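A.B. asks: Kindly generate the complete structure, drawing on both the sequences and the hints.
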Amino acid sequence: MMILVWFRFQVQGGKRDSENRLFLHSCRIIFDMVTKSAKNMGLPRDVPFDYQLAMDRLRDFRAPRDKLHRLCESGEVIQVKRGLYIAGSLGDEAATVDPRVLSGLVYGPSYVSLETALAHYGMIPERVEEITCMTSKRTRSFETPVGRFRYLPVPERAFAIGVTREGAKGGAYLLALPEKALCDRIAQVRGLDAQREMPPFLLEDLRLEEDGLDELDVGLIDSIAAVYRRTSVTVFAKWLGKRNARRRPVAS
541 MMILVWFRFQ VQGGKRDSEN RLFLHSCRII FDMVTKSAKN MGLPRDVPFD YQLAMDRLRD
601 FRAPRDKLHR LCESGEVIQV KRGLYIAGSL GDEAATVDPR VLSGLVYGPS YVSLETALAH
661 YGMIPERVEE ITCMTSKRTR SFETPVGRFR YLPVPERAFA IGVTREGAKG GAYLLALPEK
721 ALCDRIAQVR GLDAQREMPP FLLEDLRLEE DGLDELDVGL IDSIAAVYRR TSVTVFAKWL
781 GKRNARRRPV AS
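Following the numbering used here, the numbering of the sequence shown begins with 541 at its first residue and continues without gaps.
It is possible that some hints are incorrect.
[Said to hold, decoys possible] Ranges between beta-carbon positions, derived for each pair:
id, residue 1, residue 2, range
1, Ala659, Lys778, 25 to 33 Å
2, Arg769, Asp606, 49 to 57 Å
3, Ala734, Ala708, 18 to 26 Å
4, Glu670, Arg599, 22 to 30 Å
5, Gln735, Gly687, 17 to 25 Å
6, Cys612, Gly759, 42 to 50 Å
7, Glu755, Arg605, 50 to 58 Å
8, Asp590, Glu613, 48 to 56 Å
[To be verified] Here are the simulated lysine-lysine pairs, DSS-like style, with alpha carbons at most 27 Å apart:
id, residue 1, residue 2
9, Lys621, Lys709
10, Lys709, Lys778
11, Lys621, Lys607
Calculated directly from the structure, the hints in this document are not laboratory data.
Since we're looking at a predicted model, the values are computed, not measured.
Idealized CB from N, CA, C, for every residue including glycine.
C.D. replies: Structural data, given as structure tokens:
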């Protein structure tokens, strides 16, 4: 209201028509920003939220559902999927929720693994265009306004081992350790059942750095292989154990 009163005072003060129109346009932009941010103030800006929370925060509006719909249409709120939302841009401010934080909310239980995790650890050079995850449920893919999410199944008995909690903008998410991410990736390859096939797959197909294999925890990989019960993962564990034993310096 103060902005509009100030605007009327300036216009009536005798400014030229072109200046008046420019001033009016500027005031409208400022007024829109103030009113929009005030109406959207109750919704979280830095964490994901669900439909129930949105309805609670917008309960003072005559039609909370319609208000939420308008916020989504204006881009102030982004509907990631049905019932899951994050704040959109407000002026020059960008949304602050990392897509990986959303992965377990889009479909779960799940954890980030495969190429996304390997890239996170700097183990592969390629840029990952989607969030790749493992789930105890069936295979699914989701196209959302914040990116594509792909989920592949992992045996429920092998779900929890080699998984850690990682903090990021907007919260936290479950992330495979390097050993688990690599085992998950190897488990997806059919016919990888001979130790001689491991070097070309790891070094040529995945383009892993050979020195990076020295840093892997062989004991953890053995434990993962024991519960995974997948031939390719078992073969990888045996191959890596033999390889690292040969490369280990001999005590004098």
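A.B. asks: Determine for every hint whether it applies to the structure shown.
C.D. replies: Hint check results:
1. Against the hinted window of 25 to 33 Å, the Cβ-Cβ separation of alanine 659 and lysine 778 comes to about 27 Å, which satisfies the hint.
2. At about 52 Å, the beta-carbon gap between arginine 769 and aspartate 606 stays in the expected band of 49 to 57 Å.
3. For alanine 734 and alanine 708, the Cβ-Cβ distance of about 38 Å falls outside the hinted range of 18 to 26 Å, so the restraint is violated.
4. About 37 Å separates the C-beta atoms of glutamate 670 and arginine 599, a value inconsistent with the hinted range of 22 to 30 Å.
5. Distance hint check for glutamine 735 and glycine 687: the Cβ-Cβ separation is about 37 Å, which falls outside the suggested range of 17 to 25 Å.
6. Against the hinted window of 42 to 50 Å, the Cβ-Cβ separation of cysteine 612 and glycine 759 comes to about 49 Å, which satisfies the hint.
7. The beta-carbon spacing between glutamate 755 and arginine 605, approximately 52 Å, falls within the hinted interval of 50 to 58 Å.
8. Between aspartate 590 and glutamate 613 the Cβ separation comes to about 19 Å, which falls outside the hinted range of 48 to 56 Å.
9. At most 27 Å may separate the alpha-carbon atoms for a hinted pair to count; lysine 621 and lysine 709 meet this at roughly 19 Å.
10. In summary, the hint linking lysine 709 to lysine 778 is not supported, as the alpha carbons are separated by about 38 Å, beyond the 27 Å threshold.
11. Taking the CA atoms of lysine 621 and lysine 607, the gap is near 18 Å; set against the 27 Å cutoff, the hint holds.
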